[in-house]
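Now for the letters of each chain:
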Amino acid sequence: MTVRVQEADFDVGAELGHLTDGNKRIGGLAVFVGLVREMHVREGYHRDKVDALTLEHYPGMTETALREIEAEANRRWPLEATLIVHRYGRMEAGERIVLVAVGSPHREAAFEACEFLVDWLKTKAPFWKLEETPAGEKWVGAYEGDDAAAERWEKKS
Amino acid sequence: MKVRYFAWMKRTVGLPEEEVSPPADVTTVGDLIVWLRARSPGHAEALAEGAAFGAAVDQRTATFDVKLAGAREVAFFPPFTGG
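Read top to bottom, the protein sequences are chains L and S.
Going by numbering that gives the first Met the number 0, the first sequence opens with residue 0, and the numbers climb by one from there.
Going by numbering that gives the first Met the number 0, the second sequence opens with residue 0, and the numbers climb by one from there.
Calculated directly from the structure, the hints in this document are not laboratory data.
Among the clues, some could well be false.
[Said to hold, decoys possible] Below, computed lysine-lysine pairings styled on DSS-like, alpha-carbon distance capped at 27 Å:
id	chain 1	residue 1	chain 2	residue 2
1	L	K137	L	K48
2	L	K48	S	K66
3	L	K137	S	K66
4	L	K123	L	K137
5	S	K9	L	K123
Please build the complete structure, drawing on both the sequences and the hints.
Below is the structure:
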């Protein structure tokens, strides 16, 4: 179980290599990589292109929250390896923001736990996105779809 | 205790954190919110009734009825938008 919060980019191949090295009980590795998407946000009559964003977080609480989410995934599924790497700071469109990787003997647990981790970290870890558009900076509001995605795992437990 | 503000709340309040010594009758997160509102117009706006924000006590998410007893750090922030 590993959680890292860092400003620097990460190397997906190297991270996955470290995660599975020496553990031959892993039969499947599910991986999610979140990227900064180039978006067009509508503000009244204007449409602004989002070129970059700055991700603010709450040092200390972020790591605690991510470790708790990771522990919860390990309680729910038989997992051999979990990794969450989350970046903060300024990132441009196309850059990687987050890596979630889950190794399990079987693929079902790996897929489900990976999806669970992504859904919960979006709503339970203290990160805030500030988008840069040609018209200025704008704090991103919470997305109801994220709450619904996180909620469905509450019902399962 | 230390009070911290994040994202847009930090800008509205005008500072990222401050040391405060609330009176003894401020016993819950909700009491603290009401007490902090009187500190400045920025505080009043950021912590306004009906504004969408949450709280943490000693770095754990807390509802407004949570007791402050012995808390070292209370944080206020908008809904999370990571990932």
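These are the hints, each one checked on the structure:
This hinted pair checks out: K137 of chain L and K48 of chain L have alpha carbons roughly 12 Å apart, not beyond 27 Å. Distance restraint check for K48 of chain L and K66 of chain S: the Cα-Cα separation of roughly 44 Å exceeds the 27 Å cut-off, and the hinted pair is therefore not satisfied. Of the pairs offered as hints, the one joining K137 of chain L and K66 of chain S is violated, with about 33 Å between alpha carbons and a cut-off of 27 Å exceeded. The hinted pair formed by K123 of chain L and K137 of chain L meets the criterion: a straight-line CA distance of about 21 Å does not exceed 27 Å.
Of the pairs offered as hints, the one joining K9 of chain S and K123 of chain L holds, with about 20 Å between alpha carbons and a cut-off of 27 Å not exceeded.
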